[in-house]
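Residue numbers (the working numbering), protein chains in the order written: chain F, 1 to 113; chain Y, 1 to 109.
It should be emphasised that the hints constitute simulated quantities derived from the structure, not laboratory data.
Take the hints with a grain of salt, since some may be wrong.
Lysine-lysine pairs mimicking BS3-like chemistry, simulated, CA-CA at most 30 Å apart [stated by the list, open to error]: (1) Y:Lys79 - F:Lys55; (2) F:Lys53 - Y:Lys57; (3) F:Lys57 - Y:Lys63.
A few chain F residues facing chain Y, derived, Cβ under 10 Å [claimed, not checked]: (4) Val4; (5) Ser8; (6) Leu41; (7) Phe48; (8) Tyr64; (9) Arg73.
All of these numbers come straight from a predicted model, not from anything done at the bench.
Every residue gets a Cβ at the ideal spot worked out from N, C-alpha and C, and that includes glycine.
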Amino acid sequence: DVKVTQSSRYLVKRTGEKVFLECVQDMDHENMFWYRQDPGLGLRLIYFSYDVKMKEKGDIPEGYSVSREKKERFSLILESASTNQTSMYLCASRQGASGNTIYFGEGSWLTVV
Amino acid sequence: EDQVTQSPEALRLQEGESSSLNCSYTVSGLRGLFWYRQDPGKGPEFLFTLYSAGEEKEKERLKATLTKKESFLHITAPKPEDSATYLCVSGGGADGLTFGKGTHLIIQP
Chain F
1 DVKVTQSSRY
11 LVKRTGEKVF
21 LECVQDMDHE
31 NMFWYRQDPG
41 LGLRLIYFSY
51 DVKMKEKGDI
61 PEGYSVSREK
71 KERFSLILES
81 ASTNQTSMYL
91 CASRQGASGN
101 TIYFGEGSWL
111 TVV
Chain Y
1 EDQVTQSPEA
11 LRLQEGESSS
21 LNCSYTVSGL
31 RGLFWYRQDP
41 GKGPEFLFTL
51 YSAGEEKEKE
61 RLKATLTKKE
71 SFLHITAPKP
81 EDSATYLCVS
91 GGGADGLTFG
101 KGTHLIIQP
C-alpha cells in the first residue's frame with residue numbers, strides 16, 4: 001500500500017512564527033503536492049513538485065514556500081504564520097501523469113493564534 | 001475552465017436505504033475520474049478510478065459508474081460506518097486535478 005506520512009497531525013503556532021510541515025512518501029512517486037482544505041472551499045492547491053528541486057505554484061501560493069531536496073520528502077513552509085492560514089493541510093503524491101491515482105496523507109491541522 | 005460539481009451537498013439516509021451520489025464534470029480531455037472517502041479530521045482515502053464512459057467499479061456496498069458527463073457513486077444497503085464525505089476528482093487543472101466540494105453522507109441506524 002502507498003503510504004504518505006505527514007509528521008505533524010496537530011500544531012498550534014503563534015502569529016509571525018515560521019512553520020514547517022513535513023511529508024514523506026514511500027512509493028518513489030515523482031509528483032508531490034500540498035493542498036489546504038477549508039469548509040465550503042474544498043481542496044485548494046498550494047504548490048506541487050514534479051521532481052527533486054522542482055516546484056510549481058498552485059492556485060494559492062502566497063505566504064507559502066516549499067522544499068524538495070529528496071524525492072520522497074516534500075516540505076511546506078509558512079514563512080510568517082498568520083491567522084488566516086489556520087487550516088487543514090494535506091500532502092499527496094502520485095506517480096507520473098494526471099491520469100494516475102493521487103494518494104493523500106492523514107492531514108495536518110494547523111491553528112495560528 | 002474545468003469544473004466538477006457534486007450533488008447533493010449533504011444526504012441523510014436510513015440504514016439500508018440505497019441511493020446515489022452525483023458528480024458532473026466539464027473537463028477538456030478527461031484523464032481519469034477518481035472517487036475518495038474522507039472521514040472527519042482525516043485525509044481522503046482512495047476508492048475508485050474510472051477512465052472511460054461505461055466503465056464500472058465495485059467495492060463492498062459501493063459502485064462507481066461513468067458517462068461522458070457524469071459519474072455516480074451508488075451505495076447499496078448502507079451501514080452507519082459508510083457515513084463520510086465522498087469526494088469526486090477529475091484529471092484536469094494545473095496539477096492535473098479538479099476537485100468537487102464533496103457530498104456529506106450520513107447513515108442513521
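Subject >> Numbers of unmet hints, in rising order >> reply: 1, 2, 3, 5, 8 and 9
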